Amino acid sequence: MIKTFTQNELVQYVYNELNGKAKTQLETALLQDQHLAEQCAELLIAKANLEQLEKGPREKTISAILSYSKNLSLQH
-11 MIKTFTQNEL VQYVYNELNG KAKTQLETAL LQDQHLAEQC AELLIAKANL EQLEKGPREK
49 TISAILSYSK NLSLQH
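Quick note: the sequence shown uses this note's numbering, first residue -11, plus one each step.
Treat the hints as calculated values from the structure; they're not laboratory data. Quick caveat: nothing in here was measured; it's all calculated off a predicted structure. Hints should not be assumed to be uniformly reliable.
Between beta-carbon pairs, the in silico distance windows are [as the list claims (entries may be wrong)]: (1) Glu30 to Ile50: 32 to 38 angstroms; (2) Tyr56 to Ala36: 33 to 39 angstroms; (3) Ala10 to Lys43: 26 to 32 angstroms; (4) Ala10 to Leu41: 28 to 34 angstroms; (5) Lys58 to Ile33: 22 to 28 angstroms.
For every residue, glycine included, the Cβ atom is placed at its ideal position computed from N, Cα and C.
Construct the complete structure from the given sequences, taking the supplied hints into account.
See below:
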């Protein structure tokens, strides 16, 4: 009998946080269950897309902080 896996377990697998027996069972299930393999592939694509996102504040935010800091220092 193949174990049923949760979305959380798939996410753990995608982020390489699933260890031991659970990882082995999931990898076996991925070979035998096309739907599960498709779900895992979708999560891998989503992870790759998230990693490509620009990380950091917008230029407008940086300018506002610098302007506030400059005005604050002029007051003292």
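Hint check results:
no.	hint	in the structure
1	Glu30 to Ile50: 32 to 38 angstroms	holds (35 angstroms)
2	Tyr56 to Ala36: 33 to 39 angstroms	holds (37 angstroms)
3	Ala10 to Lys43: 26 to 32 angstroms	holds (30 angstroms)
4	Ala10 to Leu41: 28 to 34 angstroms	holds (29 angstroms)
5	Lys58 to Ile33: 22 to 28 angstroms	violated (44 angstroms)
Checked against the numbered hints above, the structure breaks only hint 5 and satisfies the rest.
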